[in-house]
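Could you put the whole structure together from the sequences, leaning on the hints where they help?
Listed in order, the protein sequences are those of chains A and B.
Using this note's numbering, read the first sequence as starting at 143 and increasing by one per residue.
Using this note's numbering, read the second sequence as starting at 25 and increasing by one per residue.
Calculated from the structure, these hints are not laboratory results.
Please read these numbers as outputs of a predicted model, since none were measured by experiment.
Please note: incorrect hints may appear among the correct ones.
Below, simulated DSSO-like cross-link-like pairs (lysine-lysine); rule was C-alpha separation at most 27 angstroms, straight line [claimed, not checked]:
hint, chain 1, residue 1, chain 2, residue 2
1, A, LYS161, A, LYS148
2, A, LYS283, B, LYS37
3, A, LYS283, B, LYS186
4, A, LYS215, B, LYS288
5, A, LYS215, A, LYS283
6, A, LYS145, A, LYS161
7, A, LYS161, A, LYS266
8, A, LYS161, B, LYS186
9, A, LYS145, A, LYS215
10, B, LYS198, A, LYS259
11, A, LYS262, A, LYS283
12, B, LYS186, B, LYS198
13, B, LYS198, A, LYS321
14, A, LYS335, A, LYS145
15, A, LYS321, A, LYS335
Each chain is listed here by its residues.
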Amino acid sequence: MLKLDKLYKRYDTGDEALKDVTLEIPDGQVLALIGPSGAGKSTLIRCVNRLVEPTSGSVHLNDTELTTLSQGKLRSARRRMGMIFQEYALVERLTVMENVLSGRLGYVGFWSSWLRKFPKADVKEAFRLLDRVGLMHMPDKRADALSGGQRQRVGIARALIQDPELLLVDEPTASLDPKTSRQIMRLISELCKERGLAAIINIHDVMLAQMFAERIVGLRFGEVVYDGPPDGLTPDVLTDIYGEEDWEATITPVEDDEDTDTELTEANGA
Amino acid sequence: MAVIETSQGPEWKRRTMRQQWYTWLGWLVGTAIVAFSFKLISDKTIWFFVTDAGTQAIDMASRMVPPKWSYMDTLWLPIWDTINIATIGTLMALVMAVPVAFLAARNTTPHPTVRAAALFIIVSSRSINSLIWALMLVAIIGPGVMAGIIAIALRSIGFCAKLLYESIEEIDAKQVEAVTATGAGRAQTLAYGVVPQILPAFAGISVFRWDINIRESTILGLVGAGGIGIQLDASISTLSWTQVSLILLVILGTVIVSEWVSAKVRHAII
Numbered sequence: 143m144l145k146l147d148k149l150y151k152r153y154d155t156g157d158e159a160l161k162d163v164t165l166e167i168p169d170g171q172v173l174a175l176i177g178p179s180g181a182g183k184s185t186l187i188r189c190v191n192r193l194v195e196p197t198s199g200s201v202h203l204n205d206t207e208l209t210t211l212s213q214g215k216l217r218s219a220r221r222r223m224g225m226i227f228q229e230y231a232l233v234e235r236l237t238v239m240e241n242v243l244s245g246r247l248g249y250v251g252f253w254s255s256w257l258r259k260f261p262k263a264d265v266k267e268a269f270r271l272l273d274r275v276g277l278m279h280m281p282d283k284r285a286d287a288l289s290g291g292q293r294q295r296v297g298i299a300r301a302l303i304q305d306p307e308l309l310l311v312d313e314p315t316a317s318l319d320p321k322t323s324r325q326i327m328r329l330i331s332e333l334c335k336e337r338g339l340a341a342i343i344n345i346h347d348v349m350l351a352q353m354f355a356e357r358i359v360g361l362r363f364g365e366v367v368y369d370g371p372p373d374g375l376t377p378d379v380l381t382d383i384y385g386e387e388d389w390e391a392t393i394t395p396v397e398d399d400e401d402t403d404t405e406l407t408e409a410n411g412a
Numbered sequence: 025m026a027v028i029e030t031s032q033g034p035e036w037k038r039r040t041m042r043q044q045w046y047t048w049l050g051w052l053v054g055t056a057i058v059a060f061s062f063k064l065i066s067d068k069t070i071w072f073f074v075t076d077a078g079t080q081a082i083d084m085a086s087r088m089v090p091p092k093w094s095y096m097d098t099l100w101l102p103i104w105d106t107i108n109i110a111t112i113g114t115l116m117a118l119v120m121a122v123p124v125a126f127l128a129a130r131n132t133t134p135h136p137t138v139r140a141a142a143l144f145i146i147v148s149s150r151s152i153n154s155l156i157w158a159l160m161l162v163a164i165i166g167p168g169v170m171a172g173i174i175a176i177a178l179r180s181i182g183f184c185a186k187l188l189y190e191s192i193e194e195i196d197a198k199q200v201e202a203v204t205a206t207g208a209g210r211a212q213t214l215a216y217g218v219v220p221q222i223l224p225a226f227a228g229i230s231v232f233r234w235d236i237n238i239r240e241s242t243i244l245g246l247v248g249a250g251g252i253g254i255q256l257d258a259s260i261s262t263l264s265w266t267q268v269s270l271i272l273l274v275i276l277g278t279v280i281v282s283e284w285v286s287a288k289v290r291h292a293i294i
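Shown next as structure tokens:
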């Protein structure tokens, strides 16, 4: 259970990115966070693992209050939160395997990580995850030699090898083509189900959000303006979140898409 | 940039009339300074010697050929010393430059005060030429190869650290953010987020500086700091021009080889 209470963030520039956001995310819930650019979506998930320090308010991950942790304690708390990034944020000059294993850095000492001597169990788990995300054949490829979709799969494996309780996902599909976007979103939501993981997914694509999330939170100017099920996103609600626009075309039948798409992945996975 | 409103609509010129006048004035003053300086230098030059230059050069060249090939036997050891001064000096400099660079880079320095101290080390090392370092070191630790090595090292710290910290400041911050998010410690974040990104720059800087140091170490002997410069100094003072020409040829050969080696190394790494 993740609990944000009156989370407030003001940047040094004076911009108020989050205005007293209160949210509760039960275990295993996949939540999509939508909203226009600059609404505070990235700030929100970064305030959870304190890549951005919140100005006030509190964040509870189960029993741990995250905002007051010392640096050392924060590091061990970060191990419980996997993060997936917009442009993958892999270490480009390291191999796929090294990138995946870097998810274990919080668990191993400096010298073992410097010498790449990770525990056998970690390496085994890394292989298992690579197999799960469909990259079993390329552990020794350098990250900069991969395609966008493959990179994001490595990013997912890196987050999962942390054995997290929560996934923070920042625009996972923003640099991917439509088909790869769906495959990545499906992979993330399947993995969340398999492991009973809660996830906050920032996403621009409303249709993808509706397809893969069980709950949608709409953010505008740092405030929650919608919190409800995917099918509650009416044109009026979208206007509240994003502003005036013709929304009819965006909310196309969701089920049709899902069917054709499942076939696509199956064909692809074979 | 100037937009001028005319009856035929707006017109665009690169400079306003005023800026145009200042530009011309600038050129006028510049030309005047050059002409005046030329006159100053010309008044203090004994033109008789300059008109004589061609004949003098030919005369010296004729006394330089043929190079005294038999002198080569005495040159093998000094050239070996020269290469060692450059190589060991560069290695010592790199060992010291790496920590200084991390302390000097804005994104890795622990504290602004430490950064200021690191920048001061860089500036002071760079502001003193190797030859002057050598001059002082010969006085302190006596003549010989050791003085040369330390002189090269001291001069190179600043150069290497400066280029290295600039490349640290240019790294992709997202990769570092991603490593931090896994719960990695400070040192691990540097090792996984920063080091892979600067490795190509580090290799390039090292061979580039080594290449420069080969050339610099050939003259250190002039002040007694070891290497082939000692023979050069001795040959010039005894007017043995055929020996001088052979030494110059040997230096040329060494520099060509070092250029070739560093080009190969840079190519292999990047």
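Verification of the supplied hints:
1. A:LYS161 to A:LYS148: Holds, at about 7 angstroms.
2. A:LYS283 to B:LYS37: 54 angstroms, violated
3. A:LYS283 to B:LYS186: 32 angstroms, violated
4. A:LYS215 to B:LYS288: It is violated: about 47 angstroms lies between the C-alpha atoms, which goes past 27 angstroms.
5. A:LYS215 to A:LYS283: 34 angstroms, violated
6. A:LYS145 to A:LYS161: 16 angstroms, holds
7. A:LYS161 to A:LYS266: Answer violated: LYS161 of chain A to LYS266 of chain A is near 44 angstroms, above 27 angstroms.
8. A:LYS161 to B:LYS186: 43 angstroms, violated
9. A:LYS145 to A:LYS215: 19 angstroms, holds
10. B:LYS198 to A:LYS259: Cα-Cα ~25 angstroms, so holds.
11. A:LYS262 to A:LYS283: 20 angstroms, holds
12. B:LYS186 to B:LYS198: Holds. LYS186 of chain B to LYS198 of chain B sits at ~23 angstroms (cutoff 27 angstroms).
13. B:LYS198 to A:LYS321: Roughly 25 angstroms separates the two Cα atoms, so the pair holds.
14. A:LYS335 to A:LYS145: This hinted pair holds, its Cα atoms lying about 20 angstroms apart.
15. A:LYS321 to A:LYS335: 21 angstroms, holds
In the structure shown, a violation is registered for the earlier hints numbered 2, 3, 4, 5, 7 and 8, in ascending order.
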